[in-house]
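If you're matching them up, the sequences are chains A and B in order. Every letter in the first sequence is one number past the one before it in my numbering, and letter 120, counting from 1, is 626. Every letter in the second sequence is one number past the one before it in my numbering, and letter 109, counting from 1, is 615.
Hints may contain errors.
Identical copies look the same in the list; a pair holds intra-copy or inter-copy alike.
To be verified - Straight-line C-alpha distance at most 20 Å; calculated SDA-like pairs for lysine to any residue:
#1 Lys700 / Val522
#2 Lys658 / Cys590
#3 Lys658 / Gln769
#4 Lys700 / Gln749
#5 Lys700 / Leu757
#6 Lys658 / Ile771
#7 Lys658 / Arg598
#8 Lys658 / Ala535
#9 Lys658 / Ala559
#10 Lys700 / Asp586
#11 Lys700 / Pro763
#12 Lys658 / Ala628
#13 Lys700 / Pro540
#14 Lys658 / Pro638
Hints were generated in silico from the structure; no laboratory data involved.
These are the residues of each chain, in order.
2 protein chains.
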Amino acid sequence: MTITMQDVIAELRGTVPPIADTADTLDGASPETPVTSIAVAFMPTQAVIEQAASMGANLLVVHESPYYSHRPEHAPHLADDPVCRFKRDFLRQSGLAVYRHHDYCHRLQPDPIMTGLLQSLAWDTHVEAMLPTAAVLQVPARRAAELAAYVKANLRLPYVRLTGDLDMRCERIGVLVGYRGGGANAIPLFREHKLDLIVAGEGPEWETPEYVRDAASQGSPTSLLAIGHAESEEPGMRVVAEQLRGRYPELPVHFIPGQPVFQII
Amino acid sequence: MTITMQDVIAELRGTVPPIADTADTLDGASPETPVTSIAVAFMPTQAVIEQAASMGANLLVVHESPYYSHRPEHAPHLADDPVCRFKRDFLRQSGLAVYRHHDYCHRLQPDPIMTGLLQSLAWDTHVEAMLPTAAVLQVPARRAAELAAYVKANLRLPYVRLTGDLDMRCERIGVLVGYRGGGANAIPLFREHKLDLIVAGEGPEWETPEYVRDAASQGSPTSLLAIGHAESEEPGMRVVAEQLRGRYPELPVHFIPGQPVFQII
């Protein structure tokens with residue numbers, strides 16, 4: 507039986523009601539195109555799309571845009587950019603369609619991006635509350651610095667960044683994936699769930715990190731562990747690849763892992 | 507002769523025309539209050555304001571808000587927050603007024619935040635163009651990784667983060683302070699000034715870092731060095747302290763250095 511791009515998109519979106527003005531678009535193929543082979547990745551870097559094309563995939567399912575903006579169509583600085591053009595031309599010539607699984611993905615209950623991260627950390631059995639944009643956990647108490655080392659080891663990261671009271675014993679943990687490390691998400695989460703530690707992807711440095719540092723200075727210690735945007739969301743895209751593998755056993759489904767974007771010097 | 511808060515603010519603002527809806531406010535004292543002692547810092551953390559108060563300063567000049575947001579008055583998640591309240595109460599009880607030197611500071615020509623960073627890097631003699639939000643430099647060619655080590659050593663940083671082609675020889679450098687590392691500022695700067703390397707404070711991970719990594723993959727190598735928001739702007743606040751010291755020799759002017767907010771694990 508033929509599986510089309512639209513079939514795969516419908517499988518990924520599940521029962522989430524239609525989202526107006528979504529970033530989740532299919533580029534490079536019509537929805538009726540038969541899918542012959544799927545690649546899944548967090549970030550469609552130039553290296554990742556070349557690898558997907560060389561594997562013979564005709565559909566690449568990703569979480570972020572290929573074009574360096576959450577909504578590149580609204581970013582005038584990217585119009586006629588040569589790096590974007592090179593990538594667009596490569597995609598066109600390779601016949602690789604790209605579907606962005608972002609907005610619908612985060613609306614699923616549970617969000618596979620969150621469950622993927624919690625599974626990778628072996629924390630899925632410690633969930634106290636699964637909120638729309640965060641998870642609240644109760645774990646056996648350990649020092650913040652020990653938990654940071656645990657997260658780093660389990661996710662096989664070259665480094666993580668920690669602030670607050672590194673020696674405090676933490677048992678109430680909030681998890682915020684992607685860019686949800688900013689103050690608007692993280693500060694109320696600390697307060698409303700009496701958290702000791704938040705593990706987040708990224709966020710502005712002057713918001714949550716400074717809040718956490720000050721709380722510690724004021725004698726109400728908290729800690730923040732910033733693990734990186736991709737590092738917090740890629741495990742969830744592995745879960746998405748497994749979902750597609752289970753649903754379409756007749757199709758090749760490749761997961762392409764990313765490399766850390768930064769090196770520490 | 508009495509020097510008032512308003513006198514110091516006028517000195518700092520120079521000849522910049524009035525800015526509507528500015529974040530640069532004086533909190534905790536009326537403009538006519540005599541200044542007895544000034545402290546200057548980049549970020550008014552709890553530790554910094556305690557140090558300023560213990561030094562006997564009655565005016566603290568800072569670059570960022572004390573309250574974990576660029577515009578805390580527009581941030582509903584900070585209303586009634588206990589960490590904000592503790593800090594506000596401490597400031598009130600200590601009699602320490604806080605003036606934020608941000609919007610006017612960045613509009614000065616040249617911007618002391620930029621000149622402070624360039625002086626700290628001994629790059630002020632290499633400026634080719636001083637733009638409103640960036641500096642363009644032509645320096646003797648060195649490998650990107652060598653330049654990263656140079657910046658780290660000169661600013662005495664515990665770490666910096668580098669992406670792109672670490673081995674490429676760089677001689678055309680763009681400098682973007684604070685949060686200007688995002689794509690809207692950095693991507694056109696690379697393009698319009700044929701830059702090899704941008705040195706920036708911070709920005710979203712999926713914008714400029716991924717652009718730079720892809721350009722390198724496409725055979726048009728560039729590099730990005732993210733040094734941290736505070737790390738890129740604090741040298742400029744040292745320059746502001748020197749300016750006030752020179753202008754008001756009769757007043758004590760203390761510069762309070764910050765500590766890196768994150769530790770690498």
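Hints versus structure:
Proximity of Lys700 and Val522 under a CA criterion of 20 Å is satisfied in neither setting, with 31 Å inside one chain copy and 45 Å between copies. In this assembly of identical chains, Lys658 and Cys590 lie within 20 Å of each other by CA distance neither inside one copy nor across copies; the values are 33 Å within and 31 Å between. Proximity of Lys658 and Gln769 under a CA criterion of 20 Å is satisfied in both settings, with 15 Å inside one chain copy and 13 Å between copies. Taking the shortest Cα distances, Lys700 and Gln749 never come within 20 Å of each other, neither inside one copy (34 Å) nor across copies (44 Å).
Taking the shortest alpha-carbon separations for Lys700 and Leu757, neither the intra-copy value of 46 Å nor the inter-copy value of 44 Å comes in at or below 20 Å. In this assembly of identical chains, the alpha carbons of Lys658 and Ile771 lie at most 20 Å apart whether taken from the same copy (18 Å) or from different copies (8 Å). For a Cα distance limit of 20 Å, the shortest separation of Lys658 from Arg598 qualifies neither inside one copy, at 38 Å, nor across copies, at 41 Å. Neither within a single protomer nor between protomers do Lys658 and Ala535 lie at most 20 Å apart by alpha-carbon distance, with minima of 39 Å and 46 Å respectively.
When the C-alpha separation of Lys658 and Ala559 is checked against a cutoff of 20 Å, the pair qualifies neither within a copy, at 31 Å, nor between copies, at 39 Å. In this assembly of identical chains, Lys700 and Asp586 lie within 20 Å of each other by CA distance solely across copies; the values are 16 Å between and 48 Å within a copy. For the identical chains of this complex, Lys700 and Pro763 are neighbours neither inside a copy (35 Å) nor across copies (31 Å), given an alpha-carbon limit of 20 Å. For a Cα distance limit of 20 Å, the shortest separation of Lys658 from Ala628 inside one copy, 13 Å, qualifies, whereas the shortest one across copies, 36 Å, does not.
Proximity of Lys700 to Pro540 under the C-alpha cut-off of 20 Å is found in neither arrangement, the shortest distances being 50 Å within a copy and 42 Å between copies. Taking identical chains as interchangeable, the C-alpha atoms of Lys658 and Pro638 are never at most 20 Å apart, the minima being 25 Å within one chain and 40 Å between chains.
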